[in-house]
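Peer 1: Based on the hints, put chain C in the right spot on chain G.
Listed below are the residues making up each chain.
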Amino acid sequence: MPEATNSLDAELRALAGELRAGQPADGLVDAVLHRIGAEPVPGRSSRFAQTVRRVRGWLLARWRSVLAALGVLLIGLALAPPVRATVAEWFGFDGVIVRREPGSVPSTTPAPPVASSNLTLDQARRLLRFAPLVPAALGPPSGVEVSADRRVLSMTWTGGPEGTIRLDEFDGRLDWRFAKTVHADVRFVDVGGWPGLWFPVAHDVAWLDADGTPHTQPPRLAAPTLVWEQSGTTLRLEGRIDLARATAIATSVR
Amino acid sequence: VARVRAGETDAYAELVRRHAPIARRTAVLLGAGPDADDVVQEGFVKAYRALGRFRDGAAFRPWLLRIVANEARNAHRMAVRRGNREETAALLATDLLYRAGDAADPVRSVLVTDRRARLLGAVRELPEPFRLVVTCRYLLDLDEAETATVLGWPRGTVKSRLHRALARLREELGAGEVVTDA
Numbered sequence: 077m078p079e080a081t082n083s084l085d086a087e088l089r090a091l092a093g094e095l096r097a098g099q100p101a102d103g104l105v106d107a108v109l110h111r112i113g114a115e116p117v118p119g120r121s122s123r124f125a126q127t128v129r130r131v132r133g134w135l136l137a138r139w140r141s142v143l144a145a146l147g148v149l150l151i152g153l154a155l156a157p158p159v160r161a162t163v164a165e166w167f168g169f170d171g172v173i174v175r176r177e178p179g180s181v182p183s184t185t186p187a188p189p190v191a192s193s194n195l196t197l198d199q200a201r202r203l204l205r206f207a208p209l210v211p212a213a214l215g216p217p218s219g220v221e222v223s224a225d226r227r228v229l230s231m232t233w234t235g236g237p238e239g240t241i242r243l244d245e246f247d248g249r250l251d252w253r254f255a256k257t258v259h260a261d262v263r264f265v266d267v268g269g270w271p272g273l274w275f276p277v278a279h280d281v282a283w284l285d286a287d288g289t290p291h292t293q294p295p296r297l298a299a300p301t302l303v304w305e306q307s308g309t310t311l312r313l314e315g316r317i318d319l320a321r322a323t324a325i326a327t328s329v330r
Numbered sequence: 213v214a215r216v217r218a219g220e221t222d223a224y225a226e227l228v229r230r231h232a233p234i235a236r237r238t239a240v241l242l243g244a245g246p247d248a249d250d251v252v253q254e255g256f257v258k259a260y261r262a263l264g265r266f267r268d269g270a271a272f273r274p275w276l277l278r279i280v281a282n283e284a285r286n287a288h289r290m291a292v293r294r295g296n297r298e299e300t301a302a303l304l305a306t307d308l309l310y311r312a313g314d315a316a317d318p319v320r321s322v323l324v325t326d327r328r329a330r331l332l333g334a335v336r337e338l339p340e341p342f343r344l345v346v347t348c349r350y351l352l353d354l355d356e357a358e359t360a361t362v363l364g365w366p367r368g369t370v371k372s373r374l375h376r377a378l379a380r381l382r383e384e385l386g387a388g389e390v391v392t393d394a
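Chains as they are written, first to last, in our numbering: chain G, 77 to 330; chain C, 213 to 394.
This is chain G alone, in the form it adopts within the complex:
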């Protein structure tokens, strides 16, 4: 087969040539013109607005290096809630706020709370407003829960050698977020190409509403946790596991 000697590069190009995506729909132009017909002519936004957007885009795209530069400075500051929210978003983490406080690391590592087993994954899928992601590495969950507002999916796996493993996920573009308070190091990690945060030791975790006030549940002490963002969904994996195991589970999510 002559293709065997070709480079991957050439094969990908050949593949591109053979993929047919079909023709645009016949009525496309008319449909678009019809829909925009009643709308005002788009003006040009102000120079200032454009600059703000560019700076924001630049920061979003480079949040890791920006963080490396600013990290030391920011971590020491007690930021007001609205500012904290902005900072979290700038760093590409929709839905997660990390606050560092002086204090000692909790000496015990709790097991994550177990989700009830009243729901099947399929039932949860129908309830949720986003597509759930499930790690292949753990198999089917033993417990599945959906929050009352149908925005958070929680799954747990019990009975493994590591004890309970818990995965919470939600649409990261929502208004409220997880707030984590830590007294120790947090590591920025790569989860299969997605940005992630690793909390190696026990820490407090709470939910915040859009205005920064704590959600219904009180803060609780959490086991080591990996938080990452994947195609708009924010995921939070918790258990008495190390980073290597957490990453292996996280990268098996489909």
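Note that these hints are calculated values from the structure, not bench results. Glycine included, C-beta positions come from ideal geometry on N, C-alpha and C. Be aware that one or more of the hints could be misleading.
Unchecked claim - Cut-off 16 Å, straight-line C-alpha distance, at most; resulting in silico cross-link-like pairs (EDC-like, lysine to aspartate or glutamate):
no.	chain 1	residue 1	chain 2	residue 2
1	C	K371	C	D353
2	C	K258	G	D85
3	C	K371	C	E356
4	C	K371	G	D85
Stated by the list, open to error - One-sided excerpt, in silico: chain C residues whose CB lies under 8 Å from chain G:
no.	residue
5	A223
6	R261
7	F342
8	S372
As the list claims (entries may be wrong) - Selected chain C positions facing chain G (Cβ under 10 Å, derived; list incomplete):
no.	residue
9	R217
10	A218
11	R237
12	V252
13	Q253
14	A262
15	R273
16	L331
Peer 2: Below, chain C without anything else, positioned relative to chain G:
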């Protein structure tokens, strides 16, 4: 774009006509599946509404494709939620086979098709950032700067992720080869 902003709707019709094929290809390859037509239409409407934010002198194509790509990914997520993922995958594979099937030499055509299908399968199995960068650079034939705009990543990230994606593909396909030959 300047003419559209000056109120010439016909100028926008021209932009739609010119960019519709690449917009459709983007929608299909990023997983919009049967919703591709809707995604393209929605993309053009949203692009029109967002024209105020278009920066003078920037390229229109990658800017538009970024909007289409976001729409396509949303459509894909919705389809997965409805449980249609398998259907979407099947659609692409059938398309591919159909095209390669009309080659002059049927035996060779089957071999080539098989190989292409395997490569496409490997691309689809990549983690999302890798899949996106390979799709943009190769399957949509965008250059590095355009890819950076479409995906909203710095150019350095495009470069390094593409490099890692290709290494991973080589690994996957190499492993497959041994099994086939044995």
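Peer 1: Any hints from earlier that this structure breaks? Give me their numbers in increasing order, please.
Peer 2: 2, 5, 8 and 15
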